[in-house]
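*Asks:* Residues per chain are reported as follows:
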Amino acid sequence: MTLQVDLTHRLPGFTLRAAFQAPPGVTAVFGASGAGKTTLVHAVAGLLRPDRGRITCDGTVLCDTAAGQWLPPHRRRIGYVFQEGRLFPHLTVRQNLLYGRWFAPRGANGPDLAQVVDLLGIGALLARRPGTLSGGEKQRVAIGRAMLACPRLLLLDEPLAALDAARKAEILPYLERLRDETGLPMLLVSHALSEVARLAGHLVVLDHGQMIAAGAVETLLSDPALAPHLGLRAAGAVIEGRLAQHDPDGLSRIDTAAGPLWLPQIAGQPGARVRLRVLAQDVMLALTRPTAISAQNILPARITALQPDGASGLLVQLDAGGAPLLAHVTNRAAAALALAPGLPVFAVIKAVAPAPEDLGR
Amino acid sequence: MEGWLTPAEWQAVALSLRVSALATALSLPLGIAVALALARGRFPGRGLLNGLVHLPLILPPVVTGYLLLLTFGRKGPVGALLDQWFGVVLAFRWTGAVLAAAVMAFPLMVRAIRLSVEAVDPRLEQAAATLGAPRIMVFATVTLPLILPGVLAGAVLGFAKAMGEFGATITFVSSIPGQTQTLPSAIYAFLQVPGGEPSALRLVAVSVAVALVALALSEWLGRALARRVAGA
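Residue numbers (this note's numbering), protein chains in the order written: chain W, 1 to 361; chain P, 362 to 593.
FYI, nobody ran anything at the bench for these hints, they're computed from the structure.
Now the stretches of chain W that chain P is said to cover, found in silico as 3 or more residues with beta-carbon under 8 Å:
1) 68 to 75
2) 96 to 107
3) 136 to 149
Which residues of chain P face chain W? A partial, calculated answer using Cβ under 10 Å:
4) Gln-487
5) Leu-492
6) Pro-506
7) Leu-507
Ranges between beta-carbon positions, derived for each pair:
8) Pro-421(P) to Ala-161(W): 52 to 58 Å
9) Gly-34(W) to Pro-483(P): 19 to 25 Å
10) Thr-132(W) to Leu-552(P): 54 to 60 Å
11) Ala-162(W) to Phe-447(P): 54 to 60 Å
Remember, predicted model here, so these are calculated numbers, not experimental data. The beta-carbon is built from N, C-alpha and C at its ideal position, and this holds for glycine as well.
Make the full structure from the sequences, and use the hints.
*Replies:* Encoded structure:
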């Protein structure tokens with residue numbers, strides 16, 4: 001599946017302009033509230049007619065304003081998981097789940113009810129009505145309902161935004177399973193980089209309607225020039241690795257291209273894939289390998305780029321054995337260490353620094 | 362009931378029930394369509410349609426009745442055509458009473474349904490469309506079930522209004538015993554003759570009973586449906 005989007009749409013206050021290609025897998029659309037993310041996915045779903053543009057999905061033209069082509073939403077076969085679930089209140093969970101089945105083309109090979117119920121863990125809810133479900137349960141049912149309509153693409157519009165931290169932690173693993181076990185292409189709208197880093201392989205960044213960047217998540221999240229748009233406190237590179245072992249003192253070792261990383265006990269069997277976002281503000285730089293220090297992770301690296309953060313600091317892009325890292329330091333520190341591209345340094349990361357939501361698979 | 366009411370009284374009750382039921386049933390689909398158009402539609406003439414629908418509510422009923430007579434009477438523009446093409450005559454027939462009751466009840470029915478249409482979250486209909494439902498199916502499976510309490514309330518209100526309609530009916534179809542003399546017309550007629558008061562009182566009792574039963578029924582059904590729609 002490849003989604004191609006090229007559109008312009010005037011909204012009160014700003015104009016949305018976006019042109020990108022979403023490869024198979026999960027593509028995240030990231031931006032602050034009011035950046036035009038929902039407008040963008042509404043246009044893909046057919047809930048909004050863009051002023052000008054062309055959207056195609058696997059060669060099928062969904063919308064082409066120049067040629068006057070328009071496919072109505074019910075014929076697009078694009079599943080949409082809305083922020084607030086939007087379950088039908090007069091139907092049971094089972095009826096909600098099977099709603100799209102009535103209209104799916106015969107012979108469309110999608111998952112069956114039993115598979116979806118099992119994947120999302122909603123077997124106990126089937127006879128209930130949406131009014132009695134918790135926010136997290138509603139959202140899981142909404143995901144299942146969209147999947148069972150046999151879509152060729154799934155749109156997820158901030159599926160976690162309306163949930164508290166505990167509910168988010170409950171849903172995220174289901175979304176990871178969805179990505180890994182169904183291979184269903186997804187467009188994920190989010191304003192939380194932790195979600196983006198955990199779930200997406202591709203990223204489109206919107207800011208006040210303008211598309212700032214589009215590309216692979218690993219590349220964009222470690223791009224120091226992009227960090228101010230993503231939010232300095234949220235900026236951080238994504239490192240991939242494999243869970244190697246659990247130590248008896250409660251630490252787990254992850255083998256990455258940058259070297260071994262120790263983190264407080266993570267769930268999973270040795271050999272499992274791990275995706276970790278390391279926040280730029282959690283990375284310290286040293287010119288010599290520090291000794292007698294409590295930090296457990298000291299990775300040799302080389303500076304590849306420096307970028308002022310727009311305030312009193314710098315974003316430093318590092319190459320640690322092929323893995324990208326991003327560090328946020330003050331101008332004073334950068335001057336004291338004479339940081340410059342090409343300089344070999346040591347990146348120091350406390351084992352307890354990464355938050356649990358920054359750890360995915 | 363026939364033992365308790367005289368044949369003449371029973372005739373009026375039966376006619377009123379038949380006229381009101383038919384008027385409600387026939388105008389309900391149109392009422393739903395108009396309520397949808399007024400609640401959702403953006404078209405020129407929307408204000409005009411709204412005014413036209415509400416006209417019977419604010420005009421003196423006798424004026425509505427007279428306008429019906431002018432339009433649907435045998436020599437009226439519409440009445441003449443109906444007579445010529447279909448052999449249907451409305452003026453001074455029980456079918457005319459159905460038309461008068463339907464017209465008078467229509468604004469109340471539309472108002473109740475329109476409120477429930479406005480309460481439906483259009484985002485649910487969007488969700489149905491993304492699940493592959495064509496427009497007509499979105500209406501049948503999402504919109505209609507959600508507005509059902511309002512449709513029911515509109516139908517009950519319309520039925521009650523039709524049962525009580527007097528002015529437009531008596532002007533359009535007169536008060537011919539056994540043909541066009543509905544319950545209110547009969548009560549009025551009994552009150553005009555000496556010794557008619559016991560008959561009038563019995564019919565008043567029937568009116569009150571029908572009204573109470575309709576009210577209780579609508580309350581009960583409305584609450585049951587509201588529970589269903591709330592999804593609890």
